[in-house]
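Residue numbers (our numbering), protein chains in the order written: chain W, 1 to 268; chain R, 1 to 268; chain A, 1 to 268; chain G, 1 to 268.
Hints are computed from structural coordinates only; laboratory data are not their basis.
Be careful, since some hints might not be right.
[Unchecked claim] Only some residues are given here: those of chain G computed to face chain A with a beta carbon under 8 Å:
| no. | residue |
| --- | --- |
| 1 | R101 |
| 2 | G103 |
| 3 | T107 |
| 4 | D108 |
| 5 | N110 |
| 6 | F113 |
| 7 | N130 |
| 8 | R134 |
| 9 | D164 |
| 10 | Y168 |
| 11 | F179 |
[Stated by the list, open to error] The calculated label-pair distances, taken between Cβ atoms and stated as ranges, are:
| no. | chain 1 | residue 1 | chain 2 | residue 2 | range |
| --- | --- | --- | --- | --- | --- |
| 12 | A | G7 | W | F207 | 31 to 39 Å |
| 13 | G | W141 | A | K56 | 42 to 50 Å |
| 14 | A | M47 | W | F207 | 53 to 61 Å |
| 15 | A | I69 | G | R134 | 30 to 38 Å |
| 16 | R | M1 | W | D112 | 25 to 33 Å |
| 17 | G | A226 | R | S68 | 35 to 43 Å |
| 18 | W | I61 | A | D183 | 39 to 47 Å |
| 19 | G | D31 | A | T199 | 50 to 58 Å |
| 20 | A | T199 | G | I82 | 49 to 57 Å |
Note that beta-carbon positions come from the ideal geometry of N, C-alpha and C, so glycine has one too.
Take a look at the letters that make up each chain.
There are 4 protein chains.
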Amino acid sequence: MYNLLKGKKGIIFGALNEHSIAWKTAKRAHDEGAEFVLTNAPAAMKMGDLGVLAEKTNSQIIPADATSIEDLENLVEKSMEILGGKIDFVLHSIGMSVNVRKGKPYTDPNYDFTAKGWDVSAVSFHKTMNVLYRKKAMNEWGSIIALSYMAAQRVFPDYNDMADNKAYLESVARSFGYFFGRDYKVRVNTISQSPTPTTAGTGVKGFDGFLAYADKMAPLGNATAADCAEYTLAMFSDLTKKVTLQNLFHDGGFSNMGVSDAVMEKFE
Amino acid sequence: MYNLLKGKKGIIFGALNEHSIAWKTAKRAHDEGAEFVLTNAPAAMKMGDLGVLAEKTNSQIIPADATSIEDLENLVEKSMEILGGKIDFVLHSIGMSVNVRKGKPYTDPNYDFTAKGWDVSAVSFHKTMNVLYRKKAMNEWGSIIALSYMAAQRVFPDYNDMADNKAYLESVARSFGYFFGRDYKVRVNTISQSPTPTTAGTGVKGFDGFLAYADKMAPLGNATAADCAEYTLAMFSDLTKKVTLQNLFHDGGFSNMGVSDAVMEKFE
Amino acid sequence: MYNLLKGKKGIIFGALNEHSIAWKTAKRAHDEGAEFVLTNAPAAMKMGDLGVLAEKTNSQIIPADATSIEDLENLVEKSMEILGGKIDFVLHSIGMSVNVRKGKPYTDPNYDFTAKGWDVSAVSFHKTMNVLYRKKAMNEWGSIIALSYMAAQRVFPDYNDMADNKAYLESVARSFGYFFGRDYKVRVNTISQSPTPTTAGTGVKGFDGFLAYADKMAPLGNATAADCAEYTLAMFSDLTKKVTLQNLFHDGGFSNMGVSDAVMEKFE
Amino acid sequence: MYNLLKGKKGIIFGALNEHSIAWKTAKRAHDEGAEFVLTNAPAAMKMGDLGVLAEKTNSQIIPADATSIEDLENLVEKSMEILGGKIDFVLHSIGMSVNVRKGKPYTDPNYDFTAKGWDVSAVSFHKTMNVLYRKKAMNEWGSIIALSYMAAQRVFPDYNDMADNKAYLESVARSFGYFFGRDYKVRVNTISQSPTPTTAGTGVKGFDGFLAYADKMAPLGNATAADCAEYTLAMFSDLTKKVTLQNLFHDGGFSNMGVSDAVMEKFE
Chain W
1 MYNLLKGKKG IIFGALNEHS IAWKTAKRAH DEGAEFVLTN APAAMKMGDL GVLAEKTNSQ
61 IIPADATSIE DLENLVEKSM EILGGKIDFV LHSIGMSVNV RKGKPYTDPN YDFTAKGWDV
121 SAVSFHKTMN VLYRKKAMNE WGSIIALSYM AAQRVFPDYN DMADNKAYLE SVARSFGYFF
181 GRDYKVRVNT ISQSPTPTTA GTGVKGFDGF LAYADKMAPL GNATAADCAE YTLAMFSDLT
241 KKVTLQNLFH DGGFSNMGVS DAVMEKFE
Chain R
1 MYNLLKGKKG IIFGALNEHS IAWKTAKRAH DEGAEFVLTN APAAMKMGDL GVLAEKTNSQ
61 IIPADATSIE DLENLVEKSM EILGGKIDFV LHSIGMSVNV RKGKPYTDPN YDFTAKGWDV
121 SAVSFHKTMN VLYRKKAMNE WGSIIALSYM AAQRVFPDYN DMADNKAYLE SVARSFGYFF
181 GRDYKVRVNT ISQSPTPTTA GTGVKGFDGF LAYADKMAPL GNATAADCAE YTLAMFSDLT
241 KKVTLQNLFH DGGFSNMGVS DAVMEKFE
Chain A
1 MYNLLKGKKG IIFGALNEHS IAWKTAKRAH DEGAEFVLTN APAAMKMGDL GVLAEKTNSQ
61 IIPADATSIE DLENLVEKSM EILGGKIDFV LHSIGMSVNV RKGKPYTDPN YDFTAKGWDV
121 SAVSFHKTMN VLYRKKAMNE WGSIIALSYM AAQRVFPDYN DMADNKAYLE SVARSFGYFF
181 GRDYKVRVNT ISQSPTPTTA GTGVKGFDGF LAYADKMAPL GNATAADCAE YTLAMFSDLT
241 KKVTLQNLFH DGGFSNMGVS DAVMEKFE
Chain G
1 MYNLLKGKKG IIFGALNEHS IAWKTAKRAH DEGAEFVLTN APAAMKMGDL GVLAEKTNSQ
61 IIPADATSIE DLENLVEKSM EILGGKIDFV LHSIGMSVNV RKGKPYTDPN YDFTAKGWDV
121 SAVSFHKTMN VLYRKKAMNE WGSIIALSYM AAQRVFPDYN DMADNKAYLE SVARSFGYFF
181 GRDYKVRVNT ISQSPTPTTA GTGVKGFDGF LAYADKMAPL GNATAADCAE YTLAMFSDLT
241 KKVTLQNLFH DGGFSNMGVS DAVMEKFE
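Looking at chain W on its own, in the form it has when it is part of the complex (with noise of 0.2 Å):
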């Protein structure tokens, strides 16, 4: 409670239920003084208690198919009618693999399933900036953030293709970044989180020992969803102005982890 985002407006996308990381976002940025609106799609809405999060941040809904130009265009310009101005801050954290739900294999997808993942995962960050951009919506120095993962780097085999629609998404983030730090002064920036189980993480195959598997191999363990809130707040902030078009690991030191020590053991 440090009123860190005092003033701040913001547009937060993706929070399902109480595990997941943009629950607990909004949940934080609200105690830190900012004002944002939630958002999610509306088959993904009714799955999840978005009404007690917006209840409890004293937020509103706007409903938004992040795969959908139009809903994106009027997810942006209500939110601005809502919150009284431009934006300060966005957090996407959407992602979904059609395959790992129907259970294709990596190396045999159903390749509609393919594109209707990448749509999902990764473009629609590109079409919510694409708004963003065109709406002239971002205030100067504003922070857009979009939640990534390491299999974007690295094989994780059960990751399936959010591996490389992580790889996309990314990319986009350097790539449209560019951009908005030319003609607008925002940032933009992914957080490479550590595995964590939240609805959507635990439909990954193997998650549990996986995530032990994770858990001994970083010096810090784990980050949680709870670390990941606080550390987005700081992306959001003003202490980071100069942060842009990086990718963030924020993974209790996993990352840069050749074996540790507990790792070892079991091969000893």
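Given chain W's structure and the hints, the job is docking chains R, A and G onto it.
Relative to chain W, chains R, A and G alone:
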């Protein structure tokens, strides 16, 4: 002329004309004793001179749209018939952005064009490996290469959505390379080549200025298409059997430069 | 002014004068409620105005040569006495190349100068952590930061042997960070800062031209010393507890640029 | 046997016995038509069988302490005399940590040992290039290679201060590689090799368990010393003329793995 690829069988995608990296690679692979099938999309074949190359290298041509699983299945089956056995090397040299061609800005593309470019430039590599993997068409210690560009890691504003496509392509190489390595001892890598004045390359806005910049930055100057053919041979040969999942910079050193004296001269 | 570091205790190395990143960090840390000890080498203290900073921030000064284990032991012990407990944050902002000062070319240095610069710029960070670790002087979830520069990854010809020293420094952060994380839940990171016109920075040949180049390349422009102080506060705060072993680029986006439009203008 | 290095002249550092990567590289380079001088430190020569290798490859031996500029000058001058001209390739395969040998922990080393290991393992590469550069001893398009290890990028706790030395070594390759490329069209790279059961490798604590772990992680398994010799030939050959300033992972894919199925089995 070392007989480096003697007895090796391959498939080479994407030779358009004598400026193409794939063209030069095919010629050199022929010199080095390889036999291979040439392929390109029917539309691309109309523009180019693939027949000339086929004659020079004593090769057959099998047209294939690399976004079509059916065409790829036909290509792989016929190639094994023609060559009399499994495949040792594959070169994927395919890339095209409809947004670039149509002059759409990165920040506001036509998303159908975006999807088409992604399918042609990146998913085609996944589809090719899918077919090769399912048909067990690769020999042990075979080598699969796709051509990439450093826009996958860093911003080159005029490269538009090809940057994101190349990031996806490189991720596919890692993701699929794991399964190909584990199951068939096949290696999969991307070569991140200097900007090259091929027919595809020169379509990018401001290409000449950019070529000069890159050449001044790289301590050895830009790598040419002919240089790239040599390097690709090395990656197909038995000299590099244990290199896999890598993105290999072949760029005269550009990728690890912060600034060169020659570039700094313009700022002093 | 968020009370971000309220109750936190620290040690800040390397404040020379008001242009120093360490100076600005100390001032801001004081604003944010931290208490700390200031330290610098006896020789550096003669050149600078550390007394002024101590007065402004209500801090004590303990001179220490950071290449001397004895001095560092004295520093850490005295700091804990003065501050009344263990340490929460440490800033290492020390670097010096004798070869640069004496105008020796990178390709033919004086190797005694090379060894001296390495000891001062890089090994000093290891020695500092050695003493903190052995004396169990850090609180859980403490944060240790060293300042670095992108020459550790890419070539900047005039940066001379400081490039290699920074590569060593960043490696020390990872290597020691593992043990500090595993055993004491302390994080260790480096911040890779834009070229900054501090007293140290401006000693590098051609610094002005280089500053202009970097500023034109980075979509947000160069990060200033004041910006870096803000970012360092974020890294000391409880917002970033699970970030460790990282080299954090704080550079307006420079590190992920291939080329900007502003730089390309000079080549067209 | 391709005559890949026909007519090329080289200097090979660090062949101790038949397990050494340098030993295997020398044998294969001889097969491929190269002529070269073998060198090692006088102390290392007493332990090894360099005479046997010299006989097999029809080479001469010039002892040299690679930390001594005087010895290196003698080596380079004599080599050019013996080989009848300038040098085309150099292999630096030298590394040693006194702290590892003496069982000192990373967190509390003997700093004289640290300095000695740094000088032998990393600065020796700078000194070698310094002499080659000053004496204009390299032919155009020559190739200089040093062997490295991934501990330069990621934490392997038992690798101790060799991690930091390898980081410095790789930085030297980039820094010096710029000048060698710009001025003499010579390329400089490091090969980051799998853990290898050479005499040096097996001295690291827990090496067997670690070898098994790395082998299970890498989709193609660990690269052997013999594999590394093949790859080094490719890097000395004319096939790779435009590759420079790179750190080349030669590790069966280990470096880009997050986790493999085989490793995950231990956690399920």
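Verification of the hints:
1. R101: For G:R101, the interface hint is violated, since the closest Cβ of chain A sits about 18 Å away, which is over 8 Å.
2. G103: The hint is violated - G:G103 has no Cβ within 8 Å of chain A, the shortest such distance being about 16 Å.
3. T107: Interface hint status for G:T107: holds (5 Å vs cutoff 8 Å).
4. D108: holds (6 Å)
5. N110: Since the shortest Cβ distance to chain A is 11 Å, the answer is violated.
6. F113: violated (12 Å)
7. N130: holds (6 Å)
8. R134: holds (6 Å)
9. D164: holds (4 Å)
10. Y168: holds (5 Å)
11. F179: holds (5 Å)
12. A:G7 / W:F207: 31 to 39 Å: Since A:G7 and W:F207 have Cβ atoms about 38 Å apart, the given range 31 to 39 Å holds.
13. G:W141 / A:K56: 42 to 50 Å: violated (59 Å)
14. A:M47 / W:F207: 53 to 61 Å: Given range 53 to 61 Å: holds, Cβ gap about 57 Å.
15. A:I69 / G:R134: 30 to 38 Å: holds (37 Å)
16. R:M1 / W:D112: 25 to 33 Å: Because 47 Å falls outside the window, the suggested range is violated.
17. G:A226 / R:S68: 35 to 43 Å: holds (42 Å)
18. W:I61 / A:D183: 39 to 47 Å: holds (45 Å)
19. G:D31 / A:T199: 50 to 58 Å: holds (57 Å)
20. A:T199 / G:I82: 49 to 57 Å: holds (51 Å)
The structure is inconsistent with the numbered hints 1, 2, 5, 6, 13, 16, although it conforms to all the rest.
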